[in-house]
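Visitor: Which chain is which? The protein sequence lines are P and Y, in order.
Take the first sequence: its letters are residues 39 to 154, numbered as in my numbering.
Take the second sequence: its letters are residues -3 to 130, numbered as in my numbering.
Do not rely on the hints blindly, as some may be mistaken.
[Unchecked claim] Beyond 10 Å from chain Y on every Cβ pair, some chain P residues (computed):
no.: 1; residue: Leu41
no.: 2; residue: Leu47
no.: 3; residue: Glu58
no.: 4; residue: Ala64
no.: 5; residue: Asn88
no.: 6; residue: Ala92
no.: 7; residue: Gly118
no.: 8; residue: Glu141
no.: 9; residue: Gly153
[As the list claims (entries may be wrong)] Just some of the chain Y residues that point at chain P, by a computed CB distance under 10 Å:
no.: 10; residue: Val0
no.: 11; residue: His18
no.: 12; residue: Gln67
Because the hints were derived from the structure by calculation, they are not lab data.
Values in this document were obtained by computation on a predicted structure and should not be read as measured data.
Glycine is no exception: its CB is placed at the ideal position from the N, C-alpha and C atoms.
Chain by chain, the residues run as shown.
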Amino acid sequence: MNLAVLLDLPGALAAFRFSEGGELAAHVVRDGTGITPLTLELLARSCVANLAIAGMEARGWEALTGQAAFQPLTGLSVIGLEWSVIAGRDAAVVVRNRDVSYEAAFAALRRIEGGA
Amino acid sequence: MHIVRQLGAMPGVIAAGEYAYHGDDFSFDGALTEEFVHIVSIMCRVNTLVAHMQSEVLDSFTGQTGLRPVQGWVVRGARLSFCAVGNYFAMVDNREGVLDDVVRILRARVGDLRSEGLPGLYARLGGDVHEALY
């Protein structure tokens, strides 16, 4: 998977790929950010956990309302004070909030999904 | 203009609302029923708490990160997305520009962009913040 595509997004600080079990599989970090592999390892696990929870919520929502518009989920993001973590199904990017475009990040994640 | 009404008036916003961190109070604008928004408000509360917990754990293990405190979260679906910032939420169409505008408005009204003059001003006036600024 070409993580460099994610690092090219405006404001991108780090990008990483993760397994279905939440293990950190690969990562790239921009110099001077102070982001460590441990940080990315924990983020990878939270991405997988949150995708699973969101998948359950989307499935339940669609069953309850009859509104079929969320599944399959393509990603999620957590918006912090200075950074946002934007995750697809098997990769994620950490972006500085000042420059973030959630739509551009989700689109880039879709493009490289599955190792493309 | 109240945030919920402002978001509800934006093209591409299916519904917007406000939920309580404690208790079951909520208000909303858009194409959902009270029963559904009740469930949405519980979901928002839980997901926000989970994200807060994760950022606290991350911070305690790795030192200062830019994720703490958490402002909100986004779920990207096939045709719709859902976002929550502070105690406000919006369900939006995935058409280009909508999600970014909604999150920017919410950050300007209740998040990290509050202290920044122009985004805050445009967010209060209403309209397309992205177009006005960029």
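Visitor: Each hint should be assessed against the structure and marked as holding or not.
Guide: Going down the list of hints, with the structure as the test:
no., hint, verdict
1, Leu41, "19 Å, holds"
2, Leu47, "13 Å, holds"
3, Glu58, "19 Å, holds"
4, Ala64, "19 Å, holds"
5, Asn88, "7 Å, violated"
6, Ala92, "5 Å, violated"
7, Gly118, "3 Å, violated"
8, Glu141, "5 Å, violated"
9, Gly153, "20 Å, holds"
10, Val0, "19 Å, violated"
11, His18, "20 Å, violated"
12, Gln67, "5 Å, holds"
Of the numbered hints listed earlier, those contradicted by the structure are 5, 6, 7, 8, 10 and 11.
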